[in-house]
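For the protein sequence lines, the chains are A and B, in the order given.
To convert, note that position 238 of the first sequence is 386 in the numbering used here; the numbers rise steadily by one, no gaps.
To convert, note that position 183 of the second sequence is 331 in the numbering used here; the numbers rise steadily by one, no gaps.
Some clues are possibly wrong.
The list cannot tell twin chains apart, which means a pair is met if one copy fits it or any two copies do.
For lysine-lysine, the following DSBU-like pairs were computed, each having C-alpha atoms within a straight-line distance of at most 35 angstroms [unchecked claim]:
# : residue 1 : residue 2
1 : 303       : 288
2 : 519       : 366
3 : 237       : 476
4 : 476       : 232
5 : 303       : 232
Source of the hints: derived by calculation from the structure; they are not laboratory data.
Letter by letter, the chains look like this.
2 protein chains.
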Amino acid sequence: MERRSFLRTGLAFGAVGMSGGLSLLPELACASTRTASDGALRLNSNENPFGIAPAARSAIIDNLSEANRYPRAIRTDMVEALAKLNGVKPENIVLGNGSTEVLQMSVQALAQPGAKLVLADPTFEDVPRYARPYTYDLQKVPLTANHAHDIGRMKEIVDASRGRALVYLCNPNNPTGTLTPSADIDAWIAAGADDVYFLVDEAYYEYCTDPGYWSCVKFINDPNVIVTRSFSKIYGMAGMRLGYAMAHETTAARLREYIASSNANYLALAAGHASLEDSDLISRSRAANAEGTRILHEALDEIGLEYLPSYTNFVMHRINGDQDAYRKRMAEAGARVGRNFPPMLDYNRLSIGTPEEMGRFTDILLDFHTKGWV
Amino acid sequence: MERRSFLRTGLAFGAVGMSGGLSLLPELACASTRTASDGALRLNSNENPFGIAPAARSAIIDNLSEANRYPRAIRTDMVEALAKLNGVKPENIVLGNGSTEVLQMSVQALAQPGAKLVLADPTFEDVPRYARPYTYDLQKVPLTANHAHDIGRMKEIVDASRGRALVYLCNPNNPTGTLTPSADIDAWIAAGADDVYFLVDEAYYEYCTDPGYWSCVKFINDPNVIVTRSFSKIYGMAGMRLGYAMAHETTAARLREYIASSNANYLALAAGHASLEDSDLISRSRAANAEGTRILHEALDEIGLEYLPSYTNFVMHRINGDQDAYRKRMAEAGARVGRNFPPMLDYNRLSIGTPEEMGRFTDILLDFHTKGWV
């Protein structure tokens, strides 16, 4: 109980010792709902707990009278803004209803009888799901001991194949939150063969400040590289369904053959613009996420539960017990936590909520520890 | 000039002689923008000129604090609401980012080497576009003299094929606005073979009150029938990207293999719910559309330009001259009108704006007539 009191105190004054972005927490918080309608902490979907940016809210309201119009000019504007942001050309940008739609377009555009789909195990589930109705030969490669992509093993599999290979690299990786050194990926891409395609999912790109990490957008002139980004994570727009791919002009055109007409939502595009123009959105989201992560780490350290390093807005940690029982008990205690991510069933993926939410969560977790449940 | 004055007067008092929904026009109008930022009349995309419903606006604002959350419960609620509305089961409903996404899923799920895709010429362009990267054998069948689908000819082509056929029926048809008798479609579906699928696009369903027209949802127990609906038209939500398919449970499951994860936009679902609960939205949209159509018809009659009967929110009318020149002149005069719909290049498709907009448009059209341009 002492520990729990400490955490509450630590939370109440959590911002005091921090510089920069955290002074903006109240502004962020006013735009958010902390809990579901049933009062549960929602720490299960890697959503940004602070909600969409205040500027995005205003943009949505300002554009309500255009919600009956197909997005045309605003779509073009977004493509140009994203090209400028990333130092590429508008022809390189493919918009999606969430980055998941551009992942889907990629899987569909590159499907071919006998093509291999090589990906980590575990990794984000949408890509193998999109591949299911196609003829891909799925090759799941366990992560290394450091929970990085096993580039060496993946490359062996690709090199041994004669036909097309699509390599899916989620970096940082979901659900582990871990990093694969960008230099290793660079080396492979540089050595890649004509029929080897790299689909690099950078949904958590903005959270990662590690010096060994950088975007694969540097390969924009290589037709075999596709990079995807999301507005769902650091921009807090998961419900708005907005993401994009960056690829060589010819590859981008191939993807667009599979695009859903008139994507994306008009208000999502308006909110996206406003978010891009909110110049400290990223730094304040990062700062708040770092503080929430610190609170969680402290509690996990306290009770001796191992966790993976995270370069994202979630943490994969041990639970010392049955996954389903853990999740059920957490739900009963008022917290929604991560689902099963086989084969890592002795870990749970926890999304980072607001510092206040992480205080509530760690109270529950410490109580579980006292009860011998973790 | 007398004619133009008459039209203006007719407009100002247009609601007087109408009963029912038109008394709600001011409420509708307050939610709309009549013109583009450049001041142009937007009569080119079959959008509902009155904007989203006031209740939908409120629902969006009320749900802004959930825009950072993936749509889960609200998605389930929408599926249940649509099932109830249409007298089907939730398992029969497939949500889409616009009905175009469910059209795309259908084309993808039913693709097969050698499969025929049989559709009208002209008809809505998205379906053949989605088929392009697949191996469909595209069979375009000219409309009848009455601009209905040529069911007899389409059936001949299907009957002569040995493999799978996907028949796309857009009813009422876009871009002609015309109707194919539902009894004719019923008879064909009832006689259909195992490998013949019917994709029935009912985007304009709610506008059509003709007694010879009804939905193909009556075939919900036939695994070979897919019906699609849209929130873009009578519900005025084109920018929100929300639509759905209704199909037999097993067919719906096949479509979902191609669904983009976490569709649709949270705020679109919230707005959609509010729109469904707005019990007189359909009747007032219909009434306003009828009044706008009446104004257009009157002007077309006045100058002797033939037009097709419309069961939608747009009218296909003759232009007596070059399509591109007409569109360019209209743009210069401040009106965006329909694009090229080959082979009907001597017609232009005009979306029905508000009665006030149709007054402005017909002023321009009558002026064009005076100048000998139409």
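Practice problem: Enumerate the violated hints, using their earlier numbering and listing them in ascending order. | Solution: 2
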